[in-house]
Amino acid sequence: SQQGEEDPQALSIQEGENATMNCSYKTSINNLQWYRQNSGRGLVHLILIRSNEREKHSGRLRVTLDTSKKSSSLLITASRAADTASYFCATVYSGGYQKVTFGTGTKLQVIP
Amino acid sequence: DVKVTQSSRYLVKRTGEKVFLECVQDMDHENMFWYRQDPGLGLRLIYFSYDVKMKEKGDIPEGYSVSREKKERFSLILESASTNQTSMYLCASSPSRGDQPQHFGDGTRLSIL
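Going down the list, the protein sequences come from chains W and G. Heads up, the first sequence is in the numbering used here, so the first residue is 30 and it goes up one at a time. Heads up, the second sequence is in the numbering used here, so the first residue is 70 and it goes up one at a time.
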């Protein structure tokens, strides 16, 4: 069953604006990951945040995690046309092996 | 640079055929995964493997089987292809530690006619 649910499903912004995507999940996690997918290609890992972390930065990306609300957000600052892609959150459970459950994704369009 | 290679980007097969999708990784990863991706449904896990000759069912294993005879290669088999298996298939690999990301291939877009 799907674990992560992204919101919104689609987002269209002007170049230079910030883009915020949200992810909610249902049960306890070990970590949460964000991936990006360009049209017709595979997924590329962006950032991983562990359950004991609240915020993480990587370049123009900022990820927050609120385990009490079971939610995460991905902020892309100063967006560029090249950021146009689909973005997925993935939740990872603790356990003997890594089981990753992906959400349905947010489709981001950045208009030049 | 890490690399996951899927044998075909596009594939067209007929109903009832036995279809093989191949995936090779060059990172010595223990874990390998097969997903299918459909519009509005995101990625759904078909099968995964955490060691050679080991396999575990994912969320939607029906109609599929897998083979992992060597660490670097993970094959997905459609025993008797059906039109509802038309989809994008993505292979991924990761180290055994649970806090490491997955690395994906570029996908195989499979059409069953």
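In case anyone wonders, no lab produced these hints; they're calculated from the structure. Treat the hints with care, as some may be off.
Said to hold, decoys possible - So these bits of chain W aren't anywhere near chain G, every CB distance computed over 12 Å:
(1) E35
(2) G45
(3) E46
(4) N51
(5) K55
(6) R70
(7) R83
(8) H86
(9) G88
(10) T93
(11) D95
(12) S97
(13) A107
(14) A110
(15) T113
(16) G134
Said to hold, decoys possible - So, partial list: chain W residues that the calculated Cβ filter (under 7 Å) puts toward chain G:
(17) A48
(18) N67
(19) S68
(20) G71
(21) L72
(22) H74
(23) L77
(24) F131
(25) T133
All values reported here derive from a predicted model rather than from experimental measurement. Every residue gets a Cβ at the ideal spot worked out from N, C-alpha and C, and that includes glycine.
Take a quick look at W/E35 and tell me if its Cβ sits farther than 12 Å from every Cβ on chain G, holds or violated. violated (9 Å)
Since W/G134 was said not to touch the interface, does its Cβ keep a gap of more than 12 Å from each Cβ of chain G? At about 6 Å from chain G, W/G134 fails to clear the 12 Å cut-off, so the statement is violated.
Was the hint right that W/G71 lines chain G, CB cutoff 7 Å? Since chain G brings a Cβ to about 3 Å from W/G71, closer than 7 Å, the hint holds.
The output says W/K55 does not contact chain G. Does that hold with a beta carbon cutoff of 12 Å? holds (15 Å)
W/D95 clear of chain G by more than 12 Å, beta carbon to beta carbon? With a cut-off of 12 Å, W/D95 remains clear of chain G, as the shortest Cβ separation is near 19 Å.
Interface hint outcome for W/H74 [beta carbon to chain G under 7 Å]: holds (4 Å)
Hint check: 7 Å Cβ-Cβ cutoff, W/A48 to chain G: Constraint on W/A48 not satisfied, violated at 19 Å.
W/L72 as an interface hint toward chain G, with CB separation required under 7 Å: holds (5 Å)
Confirm or reject: W/A107 is not an interface residue toward chain G, with every Cβ-Cβ distance exceeding 12 Å. holds (24 Å)
According to the definition I'm using, a residue is off the interface if its beta carbon is farther than 12 Å from all beta carbons of the partner; does W/E46 meet that for chain G? holds (26 Å)
No chain G beta carbon within 12 Å of W/T93's: Holds, because the least Cβ-Cβ distance between W/T93 and chain G comes to about 18 Å, which exceeds 12 Å.
Least C-beta distance between W/G45 and chain G, which was stated to exceed 12 Å: The claim holds: W/G45 sits with its nearest Cβ about 29 Å from chain G, beyond 12 Å.
This entry does not satisfy hints 1, 6, 16, 17, 18, 19, going by the numbered hints stated previously.
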